[in-house]
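First to last, the sequence lines map onto chains V, H, R, Y and P.
Heads up, the first sequence is in my numbering, so the first residue is 91 and it goes up one at a time.
Heads up, the second sequence is in my numbering, so the first residue is 91 and it goes up one at a time.
Heads up, the third sequence is in my numbering, so the first residue is 91 and it goes up one at a time.
Heads up, the fourth sequence is in my numbering, so the first residue is 91 and it goes up one at a time.
Heads up, the fifth sequence is in my numbering, so the first residue is 91 and it goes up one at a time.
Only true hints are included.
Pairs of lysine to aspartate or glutamate, DMTMM-like flavour, derived with a Cα cap of 20 Å:
{"hint": "1", "chain 1": "Y", "residue 1": "LYS113", "chain 2": "V", "residue 2": "GLU176"}
{"hint": "2", "chain 1": "V", "residue 1": "LYS113", "chain 2": "V", "residue 2": "GLU143"}
{"hint": "3", "chain 1": "V", "residue 1": "LYS119", "chain 2": "H", "residue 2": "ASP124"}
{"hint": "4", "chain 1": "V", "residue 1": "LYS141", "chain 2": "H", "residue 2": "GLU176"}
{"hint": "5", "chain 1": "Y", "residue 1": "LYS112", "chain 2": "P", "residue 2": "ASP107"}
{"hint": "6", "chain 1": "Y", "residue 1": "LYS119", "chain 2": "V", "residue 2": "GLU125"}
{"hint": "7", "chain 1": "R", "residue 1": "LYS119", "chain 2": "H", "residue 2": "GLU131"}
{"hint": "8", "chain 1": "V", "residue 1": "LYS119", "chain 2": "V", "residue 2": "GLU176"}
{"hint": "9", "chain 1": "H", "residue 1": "LYS119", "chain 2": "R", "residue 2": "ASP124"}
{"hint": "10", "chain 1": "H", "residue 1": "LYS123", "chain 2": "V", "residue 2": "GLU125"}
{"hint": "11", "chain 1": "Y", "residue 1": "LYS119", "chain 2": "P", "residue 2": "GLU131"}
{"hint": "12", "chain 1": "H", "residue 1": "LYS112", "chain 2": "H", "residue 2": "GLU143"}
{"hint": "13", "chain 1": "H", "residue 1": "LYS112", "chain 2": "V", "residue 2": "ASP107"}
{"hint": "14", "chain 1": "Y", "residue 1": "LYS113", "chain 2": "P", "residue 2": "ASP107"}
{"hint": "15", "chain 1": "P", "residue 1": "LYS123", "chain 2": "R", "residue 2": "GLU131"}
{"hint": "16", "chain 1": "H", "residue 1": "LYS113", "chain 2": "V", "residue 2": "ASP107"}
{"hint": "17", "chain 1": "R", "residue 1": "LYS119", "chain 2": "R", "residue 2": "ASP135"}
{"hint": "18", "chain 1": "R", "residue 1": "LYS123", "chain 2": "H", "residue 2": "GLU131"}
{"hint": "19", "chain 1": "V", "residue 1": "LYS112", "chain 2": "H", "residue 2": "ASP173"}
{"hint": "20", "chain 1": "R", "residue 1": "LYS119", "chain 2": "P", "residue 2": "ASP124"}
{"hint": "21", "chain 1": "H", "residue 1": "LYS113", "chain 2": "H", "residue 2": "GLU158"}
{"hint": "22", "chain 1": "R", "residue 1": "LYS113", "chain 2": "P", "residue 2": "GLU176"}
{"hint": "23", "chain 1": "V", "residue 1": "LYS123", "chain 2": "Y", "residue 2": "GLU125"}
{"hint": "24", "chain 1": "P", "residue 1": "LYS112", "chain 2": "R", "residue 2": "ASP107"}
{"hint": "25", "chain 1": "R", "residue 1": "LYS112", "chain 2": "P", "residue 2": "GLU176"}
{"hint": "26", "chain 1": "V", "residue 1": "LYS119", "chain 2": "Y", "residue 2": "GLU131"}
{"hint": "27", "chain 1": "Y", "residue 1": "LYS113", "chain 2": "Y", "residue 2": "GLU158"}
{"hint": "28", "chain 1": "H", "residue 1": "LYS119", "chain 2": "H", "residue 2": "ASP135"}
{"hint": "29", "chain 1": "Y", "residue 1": "LYS141", "chain 2": "Y", "residue 2": "GLU125"}
{"hint": "30", "chain 1": "P", "residue 1": "LYS123", "chain 2": "P", "residue 2": "ASP173"}
{"hint": "31", "chain 1": "H", "residue 1": "LYS119", "chain 2": "R", "residue 2": "GLU176"}
{"hint": "32", "chain 1": "R", "residue 1": "LYS123", "chain 2": "H", "residue 2": "GLU125"}
{"hint": "33", "chain 1": "V", "residue 1": "LYS112", "chain 2": "H", "residue 2": "GLU176"}
{"hint": "34", "chain 1": "R", "residue 1": "LYS112", "chain 2": "H", "residue 2": "ASP107"}
{"hint": "35", "chain 1": "Y", "residue 1": "LYS141", "chain 2": "Y", "residue 2": "ASP173"}
{"hint": "36", "chain 1": "H", "residue 1": "LYS119", "chain 2": "H", "residue 2": "GLU176"}
{"hint": "37", "chain 1": "Y", "residue 1": "LYS112", "chain 2": "V", "residue 2": "GLU176"}
{"hint": "38", "chain 1": "H", "residue 1": "LYS113", "chain 2": "R", "residue 2": "ASP173"}
These are computed hints drawn from the structure, not numbers from a lab.
Chain residues, written in single-letter form:
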Amino acid sequence: MYIGIVVGSVVATRKSDELVGKKLLIVQKVNPKDESLGTLEVAVDSVGAGKGEYVLVTQGEPAMYVFETSTSCIDAAIIGIVDSMEVS
Amino acid sequence: MYIGIVVGSVVATRKSDELVGKKLLIVQKVNPKDESLGTLEVAVDSVGAGKGEYVLVTQGEPAMYVFETSTSCIDAAIIGIVDSMEVS
Amino acid sequence: MYIGIVVGSVVATRKSDELVGKKLLIVQKVNPKDESLGTLEVAVDSVGAGKGEYVLVTQGEPAMYVFETSTSCIDAAIIGIVDSMEVS
Amino acid sequence: MYIGIVVGSVVATRKSDELVGKKLLIVQKVNPKDESLGTLEVAVDSVGAGKGEYVLVTQGEPAMYVFETSTSCIDAAIIGIVDSMEVS
Amino acid sequence: MYIGIVVGSVVATRKSDELVGKKLLIVQKVNPKDESLGTLEVAVDSVGAGKGEYVLVTQGEPAMYVFETSTSCIDAAIIGIVDSMEVS
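So here's chain V without its partners, still in its complex pose (with noise of 0.2 Å):
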């Protein structure tokens, strides 16, 4: 997984049957220093997560299973709301 902050969102009428009712929400990977890693992802909510807060981010076939269904067309899903974290 890795941390991101929430930065916007996505509108979209015309889109998969599994997206219908969830948040798009726009990621974008930061390091512990706040700086910004890579490009921006949709990843899709399920925690409740807002603009402004750190959250952990899933990818790949894992975030297909974060909703109820299996078969899901979803490639990124928001897994966790960051309090705080320590490195060093």
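With chain V fixed as given, assemble chains H, R, Y and P onto it according to the hints.
Structure of chains H, R, Y and P alone, referenced to chain V:
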């Protein structure tokens, strides 16, 4: 998922049965400032996307589940058309 | 999927049973201007591709499903021969 | 798998049920000369790893199978503690 | 799959049960000119590969299926020994 813009299409007569009848679109990943990121990808359309549209692309195993069969060889699929995005 | 050009082949006598009888081709990813991108990949052919041809390559778990068995160790497969592409 | 060193940990109160009771460690990939490579990753510990230890990390779907359930949302797991490595 | 050269090995006493009795080899990806590419990877051997040999490595979920169980935590496996390759 990432946000990209549809920039073209591919014609392939000899191909996997799974691809028959499906639209193979070429997608360029972009950032919110509309700058191109990385290399082009060929994604299978599932939402009626057309050239010039901003789309949501899923990759890897989750892309397999976009279509009727769960044993697809598809590793990238367009699963949404982006109406708007808000990033700060 | 990505578009590549078949640039060579690999001979391996000692190998997984899953690979026996299959053609192991070396593919170079290219962009529409025919410039090479990234490093070479060994992909298993499923459509009768030959050297010099432009092909469509799928990667990861979806590549497992290209062949008869769903428990294959194959992580890259050629699933189409590109007749033409149109990019703008 | 890659070899990394455990450099920290993450606290997340609001998170997927799958993560409850699991140790979320921050891992830095390193090369045999102990130089840092790439960005940090959050991996779930399965072997009792602690800070400063060299560990073996698996990624993607294989990480899902490290724990009791096969429908986990975990995409990175520590599956070994490196006693020694020999590279030439 | 990619082609690499076996450059070393890893000893890990404390590890996932899935890894017990398996040879953990360190592989360096190379190109046909024998130049090193990217970072080292730890791959589980399935074909009796030894140090200095050119091997074929599969990654991700397909690597899980190289061994007897389909619930393996292995994300990289050596599935062939390269006798020769021809690239132009």
